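Participant: Whatever position you read off the sequence shown (first residue = 1), add 3 for the numbering used here.
Since the hints were made in silico from the structure, they are not lab data.
Among these hints, one or two may not hold up.
What the hints assert, rightly or not - Calculated pairs, SDA-like style, for lysine to any residue (alpha carbon to alpha carbon, straight line, at most 20 Å):
no., residue 1, residue 2
1, Lys-166, Arg-104
2, Lys-176, Glu-110
3, Lys-144, Ser-112
4, Lys-166, Ala-187
5, Lys-166, Gly-153
Remember, it's a predicted structure, so these values are computed and weren't measured experimentally.
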Amino acid sequence: MATSTNLALRPFRNERLPWFLAGSMLVAAIVISIFHGRFISRLLSGNEAATVREVRQNEDRISELERQVATEPPLKLEAAEINRLRTLKELVDRRVFPWRRLLSNLEESLSEDVRLRSISPAAPKAGRGVLILLDGEARSKDAAFSFAEGLDASPAFSNALIKSLDDSEGGTKFNIEVIFDAAAEAASIEAAAAGNPARTPGAKR
Numbered sequence: 004m005a006t007s008t009n010l011a012l013r014p015f016r017n018e019r020l021p022w023f024l025a026g027s028m029l030v031a032a033i034v035i036s037i038f039h040g041r042f043i044s045r046l047l048s049g050n051e052a053a054t055v056r057e058v059r060q061n062e063d064r065i066s067e068l069e070r071q072v073a074t075e076p077p078l079k080l081e082a083a084e085i086n087r088l089r090t091l092k093e094l095v096d097r098r099v100f101p102w103r104r105l106l107s108n109l110e111e112s113l114s115e116d117v118r119l120r121s122i123s124p125a126a127p128k129a130g131r132g133v134l135i136l137l138d139g140e141a142r143s144k145d146a147a148f149s150f151a152e153g154l155d156a157s158p159a160f161s162n163a164l165i166k167s168l169d170d171s172e173g174g175t176k177f178n179i180e181v182i183f184d185a186a187a188e189a190a191s192i193e194a195a196a197a198g199n200p201a202r203t204p205g206a207k208r
């Protein structure tokens, strides 16, 4: 049997198969890319349509709510609620309630026979100032009455009214309403500084 001898400098290789495989993979990649592009386009178009539908539904809902609000009767508030809202607005406009001035004036009117347990601003019944609700305890009813009279005599307070008195073992519990008017106090201080006091302690209002 004769032996075949390859005398070529470079051995023969079949180079068609690698090129065929590379071309096939390139075509497959292009086809897959086109398919993915169409699929993503369909998804995006579907999401866009859903978004448009949701926006239109929200716009219709807003229009319906606006029609309902337009047909609702105007809200009617009682006088007490209007006063309360007006007071709250004044407090917000001032941003800070003058607690330091209030406590300072209360301290001047307090005696050793009276102890306060709570201090609550509320809506005034009429006029200027802020209604202050005082809850406290005195050694006796006379001490509670004296405290109310002292408040009424102060330039910063007016219309002190004892709402309740309750005798207990430790003394007399009381509730007092009083109007606190920082502006009136400032006016009284200015008048006193000018040598013309607008009000003397203990004067009746």
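Participant: A separate judgement is required for each hint: does it hold in the structure or not?
Facilitator: Now for the hints, and whether the structure bears them out:
At roughly 24 Å between alpha-carbon atoms, Lys-166 and Arg-104 are farther apart than 20 Å, so this suggested pair is violated. Restraint check: the Cα-Cα separation between Lys-176 and Glu-110 comes to about 18 Å, which is no more than 20 Å; the hinted pair holds. The suggested pairing of Lys-144 with Ser-112 holds, with an alpha-carbon distance near 16 Å, which does not exceed 20 Å. With a CA separation close to 24 Å, the supplied pair Lys-166 and Ala-187 exceeds the 20 Å bound.
Taken as a hint, the Lys-166 and Gly-153 pair is honoured in the structure, with Cα atoms around 16 Å apart against an allowance of 20 Å.
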